[in-house]
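Construct all of the structure, not just a fragment, from the sequences and the given hints.
Here's the letter readout for the chains.
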Amino acid sequence: MTDRTRLRVFLVAAAGLAVALGVGLAGLPRFGSPASTYADVINALAVPLRRSTDAVSAVTLDFRGIDTLFEEFILFAAVAGVSILLRPLSDEIGEMPEDQAPDRRVPPPSPAVGLLGTILAPLLVVAGLETVTHGQVSPGGGFQGGVVLASALFVVYLATSYSRAERFQPGGLLEASDGAGAGGYVIVGVVGLLAGAAFLSNTVSLGQPGNLISGGTIPILNAVVAVEVAGGFVLLAKEFLDQTAVIRQDRGGRRS
Amino acid sequence: MRDAVIALALVWVAASGTAVVLTRDPLHQAFVAGFFGLCLASLYLAMQAADVALSQLVVGAVALPFVILLSLAKVRKPE
Numbered sequence: 507m508t509d510r511t512r513l514r515v516f517l518v519a520a521a522g523l524a525v526a527l528g529v530g531l532a533g534l535p536r537f538g539s540p541a542s543t544y545a546d547v548i549n550a551l552a553v554p555l556r557r558s559t560d561a562v563s564a565v566t567l568d569f570r571g572i573d574t575l576f577e578e579f580i581l582f583a584a585v586a587g588v589s590i591l592l593r594p595l596s597d598e599i600g601e602m603p604e605d606q607a608p609d610r611r612v613p614p615p616s617p618a619v620g621l622l623g624t625i626l627a628p629l630l631v632v633a634g635l636e637t638v639t640h641g642q643v644s645p646g647g648g649f650q651g652g653v654v655l656a657s658a659l660f661v662v663y664l665a666t667s668y669s670r671a672e673r674f675q676p677g678g679l680l681e682a683s684d685g686a687g688a689g690g691y692v693i694v695g696v697v698g699l700l701a702g703a704a705f706l707s708n709t710v711s712l713g714q715p716g717n718l719i720s721g722g723t724i725p726i727l728n729a730v731v732a733v734e735v736a737g738g739f740v741l742l743a744k745e746f747l748d749q750t751a752v753i754r755q756d757r758g759g760r761r762s
Numbered sequence: 009m010r011d012a013v014i015a016l017a018l019v020w021v022a023a024s025g026t027a028v029v030l031t032r033d034p035l036h037q038a039f040v041a042g043f044f045g046l047c048l049a050s051l052y053l054a055m056q057a058a059d060v061a062l063s064q065l066v067v068g069a070v071a072l073p074f075v076i077l078l079s080l081a082k083v084r085k086p087e
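Protein chains in written order, with our numbering: chain A, 507 to 762; chain B, 9 to 87.
Bear in mind the hints are in silico, worked out from the structure with no lab data behind them. Note that beta-carbon positions come from the ideal geometry of N, C-alpha and C, so glycine has one too. Don't take every hint at face value.
What the hints assert, rightly or not - According to the in silico footprint, chain A covers these stretches of chain B (three or more CB under 8 Å from chain A):
| hint | region |
| --- | --- |
| 1 | 27-35 |
| 2 | 41-52 |
Claimed, not checked - Lysine to aspartate or glutamate pairs mimicking EDC-like chemistry, simulated, CA-CA at most 20 Å apart:
| hint | chain 1 | residue 1 | chain 2 | residue 2 |
| --- | --- | --- | --- | --- |
| 3 | A | 744 | A | 601 |
| 4 | A | 744 | A | 598 |
| 5 | A | 744 | A | 672 |
| 6 | B | 82 | A | 748 |
| 7 | A | 744 | A | 681 |
| 8 | B | 82 | A | 598 |
| 9 | B | 82 | A | 672 |
| 10 | B | 82 | A | 601 |
| 11 | B | 82 | A | 756 |
| 12 | B | 82 | B | 33 |
| 13 | B | 82 | A | 597 |
Rendered as structure tokens:
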């Protein structure tokens, strides 16, 4: 392709993009305009219909619960893809890095970082569990809480060492929780079918709005999402940490 | 008042987003991108979308820089 044709193709594409963007931007609500009709409807219906004081959770896990099911599968597929791509190849071995100067002791992490990690890691676990279990009452939910739970492991790694953090990443258990979380969402949906209603119908007793147990299937779905997300993110971190810390070229095929 | 907070958050996002593009070193870029995620989360919070702000915070400011930093550590390691 010559420069001339390339320029022509670019001009056509740029003109099309400009028209589409212009039309789209012209149709946007003005800055500072009030919330949409849909938001008003949801705000009016979330508490009476679903007894969930967090309207966003009522939308993502109930009114549009099927969308979240697909997002679950997207995350599941992404984590599975990373696990496959980052597996040890045939010319790679996993071993702890060798010390280039055996007479020198490896300095431990500074006491300040250790103290920070000791305080922060349990706090993150509590904050994660709080975010997961209160998704139907206040902002938060399985996804956000799941990542907060997973980040507790990052803090353990930061404050100690790879070998210490490795004890918190049993590969089989993580893969199982990733899969069980994704499958659990489907099972909750099938419960709706078994109750004689549609897939993912909110058939569980709804409870009182504002209580910890309210919203029917919303807290249950939050819990299974948290199991998947926490397992998936720790698995993701484990794959990347393994690549960085222990997986290296086999000595036989080692260059230089 | 609410519009002023949103406008301020929008300026933060524009400034930090430009900074991500202008930072050429990947290592520095990982940190600037994390800060950009923080600005984006504050924009969502200013628009009262607390759920989305939480999601943005955990992904943009925690997970993304973490994955980038570990990838850089792997790529840069002399074998």
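Hint by hint, here is what the structure shows:
{"no.": "1", "hint": "27-35", "verdict": "violated (count 0)"}
{"no.": "2", "hint": "41-52", "verdict": "violated (count 0)"}
{"no.": "3", "hint": "A:744 with A:601", "verdict": "15 Å, holds"}
{"no.": "4", "hint": "A:744 with A:598", "verdict": "17 Å, holds"}
{"no.": "5", "hint": "A:744 with A:672", "verdict": "8 Å, holds"}
{"no.": "6", "hint": "B:82 with A:748", "verdict": "10 Å, holds"}
{"no.": "7", "hint": "A:744 with A:681", "verdict": "11 Å, holds"}
{"no.": "8", "hint": "B:82 with A:598", "verdict": "14 Å, holds"}
{"no.": "9", "hint": "B:82 with A:672", "verdict": "18 Å, holds"}
{"no.": "10", "hint": "B:82 with A:601", "verdict": "15 Å, holds"}
{"no.": "11", "hint": "B:82 with A:756", "verdict": "16 Å, holds"}
{"no.": "12", "hint": "B:82 with B:33", "verdict": "16 Å, holds"}
{"no.": "13", "hint": "B:82 with A:597", "verdict": "16 Å, holds"}
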